[in-house]
Amino acid sequence: MIAVLKRLWKHGIGTIPKDELLHVNGRGKLLLDDTKCTACGDCVLECPSEALSLRRVQNEFDFSITYSSCISCRVCTEVCPTNAFSYANEPMPSVQLRDELVVHYTINRDESEPKGEIVSDRDRREVILKN
Amino acid sequence: MKISRIIVAPHELIHACRTVIANHGRFITMVASDECGREIDRFVVRYIFAHDGKSMLNVVESVLTESNCSYPTLSSMIPAASWAEREAHDLFGIFPEGHPDLRPLVLHDDWPEGVYPLRKDYALREKQERDSFSSWSYPKVEGEGVFEVPVGPIHAGVIEPGHFRFQVMGDSVLHLEAKLFYTHRGIEKRSEGMSVVKGLYLAERICGVCSVSHALSYVQAIEQISETRVPERAIFLRVLFAELERLYNHVGDIGNMCAGIGYAYAVNHGAHLKEQLMQLNDFIVGHRFLRGSIALGGVTEDITEEKLRYIETTLERVKKEFNEIVEQILSHDIVVNRFSNTGILSERIARELSTVGPTARASNYDIDVRRDLPYAAYDQLVFEVPTFMEGDVMARFKQRFLEARQSFQIIEQVINRTPKGDIRVPIGDLIPYSFGIGMTESPRGENVHFVMVGENNTIYRYRVRSAPYANWPAVPICVPGNIIPDFPLINKSFELCYACCDR
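As you go down the protein sequences, you meet chains A and P in turn.
Read in my numbering, the first sequence has 97 at position 97, and its numbers run on one by one without any break.
Convert by adding 1000 to the 1-based position in the second sequence; the result is the number in my numbering.
Fair warning: there could be bad hints in the mix.
[Said to hold, decoys possible] Under 10 Å between C-beta atoms, here's a sample of chain P residues computed to sit facing chain A:
id, residue
1, Y1265
2, D1282
3, R1288
4, R1291
5, L1296
6, D1302
7, E1306
8, S1331
9, S1346
10, R1348
11, I1349
[Stated by the list, open to error] Capping the alpha-carbon separation at 30 Å, the derived lysine-lysine pairs in DSS-like fashion look like this:
id, chain 1, residue 1, chain 2, residue 2
12, P, K1398, A, K10
13, P, K1127, P, K1179
14, A, K10, P, K1320
15, A, K10, P, K1319
16, P, K1307, P, K1320
17, P, K1127, P, K1140
18, P, K1140, P, K1002
19, P, K1420, P, K1198
20, P, K1127, P, K1198
21, P, K1420, P, K1307
22, P, K1179, P, K1120
23, P, K1198, P, K1002
24, A, K6, P, K1320
25, P, K1420, P, K1002
26, P, K1140, P, K1198
27, A, K29, P, K1398
28, P, K1120, P, K1189
29, P, K1420, A, K29
30, P, K1319, P, K1307
31, P, K1127, P, K1054
32, P, K1189, A, K6
33, P, K1307, A, K10
34, P, K1120, P, K1198
35, P, K1398, P, K1179
36, P, K1179, A, K6
37, P, K1198, P, K1320
38, P, K1179, P, K1140
39, P, K1307, A, K29
40, A, K36, P, K1198
No wet-lab data here; the hints were simulated from the structure.
All figures in this text were calculated on a predicted structure; none of them were measured in a lab.
All C-beta atoms in this analysis are idealised placements derived from N, C-alpha and C, irrespective of residue type, glycine included.
Here chain P stands alone, though its shape is the one from the complex (with noise of 0.2 Å):
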């Protein structure tokens, strides 16, 4: 993948971004940074686009100085970059002016005043005495015979905390404010200063179900900045391990919808289809979530021909008894009635929002990482990209079905084509200061890691945006206009991860 650096002066990366987005650049991410550490006075604010179907990113970098660190914001002209730059303000407080909604975002409102944790000049293992006083302010609806219905952060079932504030009129949703970050671990503070090698491990933990995908994305960026060759049959078996992991989640998302309308038939039988495909990845690569599979210069352990064959036989089985479920799920009048027209993403707003993976393709906004921007050996793979144009939860539900039909069809190609050879290659020299942009597409969508690269292999700066990260924006706006037992289906349906969000 190519990268084309436009530097400009912070009141110019409007009209810089603007060019961009005329020319077809789709906005990523944005990624602040404070190196002072390289004699540069002080942040670095990076906007990332993408030009699918060209292997081209564009990087809109400016400096701004410590002395004066606002800039323009960009968040009236892409709504997507909202999240990012109030981020960027939390972490590193730097400001951007004419910002619609500046109010904290990761740390949370009891978290002091002025206290910066990204900033270089701030200790790793610096306590802070929080406020346990300070409020949360969130816009809300009022009036007569309008109630107030908070949900969380500690959920009934052992999902991850995340808060809700529902105002409701009845049973309909007036309006739903959410607040997350309540996992943010500080894992891109942790990582500075690391060891290429451990950061890769890290990367693994950043989230339980996505590992596959966030160590590719880690090692991309990182091969990307050393100029490494992978070999041939090590781009496979990357493929495998990809799709593994995204079969083994569509799966078990297509049962655990399901759950969102208490249909506890079809949970239990997607559980119980999911549990095999895990099986499966603790007998290929000895755990469940595939986690060491993936190796900078290559994979860890060769997958035997037997091995191979054994994919193949429980793929076959599994594959079966999918399409069966599916087909009883769907001719459930019940699960109709509720998945139809609950939940509507339109287009419009998950262009704006720069939604990614399954819930943009549910929505028919037509972007597949592993199709435009094509990383290991996708590009020499046949697949199609199923895209729906309602964006209503059966959209997504029917969405990840023909995805995981698109796997085994991967999976079954890989197996039949994937070429003898070296399994790993040692990585190339690192130059400091020098940064790579590592994209793959997770289950749930496009994950996006910067790298920069200090002295002596280290990690200076990382920054991750997962999918979970791009789409949760959406979730709030899809709810309103739809009955509150509706919100767990409708949550559901995204399948958004807590952790890999809030980091």
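Extracted from the complex, chain A is given alone in its bound form (with noise of 0.2 Å):
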């Protein structure tokens, strides 16, 4: 009973003093570096969630990634041959939109032989390739 007594008056009951809360917030926000993309489309193939899409304008390519559909995974980062995938050490944003969590770069790639328009498919569940 006195050792019990003691815990509690030690740490509480099962709390976690407020300053130690939540100092990290998981992997963090998906950044594309747009420099080293080459806009193949691998990843957007193989992202689960369909966070990723790719289409094509003109002669340029808009790469999306949709931060309310991430899941963290990973799969993006294993898959790019370049590399361009990183995490940045900041939670994934909060906003009042669902759309407004949706970020576009503009990937322009003259000497890439470009695979055409890869757009996810949410009815469908299935990744449409077009040229």
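Grab the two chains, each in its own frame, and use the hints to assemble them into the complex.
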């Protein structure tokens, strides 16, 4: 009994001091280095939560990351042939509207052989490859 | 690890397996596969045995033709093979002749007859009409004064689904029948045709709390096929992650077991410590369950010297509090009264059902993959494997406590001894249709992954025998003779996961 009371006095009931709470927040926000990206589309095809998409806009590519879908699983980092992905040391952004959680990158690679437009289709749950 | 293969005709399976067992082979699992794609007619069954201490596996193989896919059962000789054979019967339609209990296991009674989802000609997203009028048949006790209490599959509380039928006389349980596999997600089917890189992420998600262990088993199987030599630093870091996982599980379980008797003080303090360990995980690899830490050919992230020191100081604090709490729990009269002589698993049954992990070790069945078939850097580290004779809830509680203390020691050694160097190497070529078997010791016991690769670095057949799959058959045997309110306690003392049993 005395031991229990002593412990309760020292630590409280199952609490963590406020200043020690959540000092880290997961793996962080996924970032793309658009100078390294070759728009090959491997990551888009492998992403399990369809958070990535790649569209051709005339001579350029529009690459987008949807943070509301990203589960920080690292598949994109693993399959990327040029190591273009990294994780920022900051938490995932929180906003009011879902659409604001999408970040766009414009990729202009003349030397790369474009595979075409890769769009993830939520309803059919499959990835379409168009030329 | 060396794999020696023995290929026999189906009717010779029994003799071959008897010889392997006579040579001290320990039955691990049976893997069935449909290999029509590589011009084999058509099914292959593989019985896997381990030779503890020799770092060797025996695989007894046999080919079953499509026209005659039956073979004499081994369940009468090896009771532990019963579930695996029933599963193969459900998913492939191969027929173990003379099996004592061929009721549906993985696919429930409402699944149409004659449809076998793991055969290669079954499409991935094919849907089946379920027969909702079918009923579950099971053995039961009947008579005057015998009542049946159904529990689940939806439970009060955030636990996974499992259905239990108790036949009781007053408060005492006469018989318990468990129905599992409500969370069968078809992970093995899903993995077929998936690239080996992506397969790792699927393996990590088989179970919530054994992510590292599942990932490690998977990468070890792949590395075995490609004969990759993982760098020294990476194998030490793998041990670090595996032990951190064991630690947060054991610490959490110690608290959770007290929930079985309503001892809220210990539950909360256990959760408090577990939370500290999970925040430590988050700090070092960026995930509370340590997902994404293991990579093919090494580990994904290097742990800096600064992080190692942080782990050291955190664990120092947690260890002190952990000892304090366990001392308080064990000095509580009610705890001792309820834990002792409850849910006894005898050594004979533990051996016959090939149970693994803390469950087996608390019943004096001394097996531990880390020592018997060493992987990663475990052969370079010094640790003990605590065992108990009693096999009751108290023994399983104390076993977890002592094992957690060993984990603290192992992590201490890893922190001081991790060499410098690379953390990752690319994996070599994968020869199509070769297989590897990865074995690790998860917090719940031995975790076995069988991976066969196909062409273009894809997975051809993936079979997971997790620790709960081996331990679940033992639970219904321990409960009769106890009272109903002891069931949650017994169930928690095994601390089995439904998701990685059901897959």
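Status of the hints after comparison with the structure:
{"no.": "1", "hint": "Y1265", "result": "7 Å, holds"}
{"no.": "2", "hint": "D1282", "result": "5 Å, holds"}
{"no.": "3", "hint": "R1288", "result": "8 Å, holds"}
{"no.": "4", "hint": "R1291", "result": "7 Å, holds"}
{"no.": "5", "hint": "L1296", "result": "8 Å, holds"}
{"no.": "6", "hint": "D1302", "result": "14 Å, violated"}
{"no.": "7", "hint": "E1306", "result": "14 Å, violated"}
{"no.": "8", "hint": "S1331", "result": "8 Å, holds"}
{"no.": "9", "hint": "S1346", "result": "35 Å, violated"}
{"no.": "10", "hint": "R1348", "result": "39 Å, violated"}
{"no.": "11", "hint": "I1349", "result": "37 Å, violated"}
{"no.": "12", "hint": "P:K1398 to A:K10", "result": "25 Å, holds"}
{"no.": "13", "hint": "P:K1127 to P:K1179", "result": "23 Å, holds"}
{"no.": "14", "hint": "A:K10 to P:K1320", "result": "13 Å, holds"}
{"no.": "15", "hint": "A:K10 to P:K1319", "result": "16 Å, holds"}
{"no.": "16", "hint": "P:K1307 to P:K1320", "result": "20 Å, holds"}
{"no.": "17", "hint": "P:K1127 to P:K1140", "result": "33 Å, violated"}
{"no.": "18", "hint": "P:K1140 to P:K1002", "result": "45 Å, violated"}
{"no.": "19", "hint": "P:K1420 to P:K1198", "result": "29 Å, holds"}
{"no.": "20", "hint": "P:K1127 to P:K1198", "result": "25 Å, holds"}
{"no.": "21", "hint": "P:K1420 to P:K1307", "result": "15 Å, holds"}
{"no.": "22", "hint": "P:K1179 to P:K1120", "result": "27 Å, holds"}
{"no.": "23", "hint": "P:K1198 to P:K1002", "result": "26 Å, holds"}
{"no.": "24", "hint": "A:K6 to P:K1320", "result": "14 Å, holds"}
{"no.": "25", "hint": "P:K1420 to P:K1002", "result": "28 Å, holds"}
{"no.": "26", "hint": "P:K1140 to P:K1198", "result": "45 Å, violated"}
{"no.": "27", "hint": "A:K29 to P:K1398", "result": "42 Å, violated"}
{"no.": "28", "hint": "P:K1120 to P:K1189", "result": "9 Å, holds"}
{"no.": "29", "hint": "P:K1420 to A:K29", "result": "29 Å, holds"}
{"no.": "30", "hint": "P:K1319 to P:K1307", "result": "18 Å, holds"}
{"no.": "31", "hint": "P:K1127 to P:K1054", "result": "46 Å, violated"}
{"no.": "32", "hint": "P:K1189 to A:K6", "result": "54 Å, violated"}
{"no.": "33", "hint": "P:K1307 to A:K10", "result": "27 Å, holds"}
{"no.": "34", "hint": "P:K1120 to P:K1198", "result": "20 Å, holds"}
{"no.": "35", "hint": "P:K1398 to P:K1179", "result": "29 Å, holds"}
{"no.": "36", "hint": "P:K1179 to A:K6", "result": "45 Å, violated"}
{"no.": "37", "hint": "P:K1198 to P:K1320", "result": "40 Å, violated"}
{"no.": "38", "hint": "P:K1179 to P:K1140", "result": "13 Å, holds"}
{"no.": "39", "hint": "P:K1307 to A:K29", "result": "21 Å, holds"}
{"no.": "40", "hint": "A:K36 to P:K1198", "result": "22 Å, holds"}
Hints 6, 7, 9, 10, 11, 17, 18, 26, 27, 31, 32, 36 and 37 from the list above are not met by this structure, while the remaining hints are.
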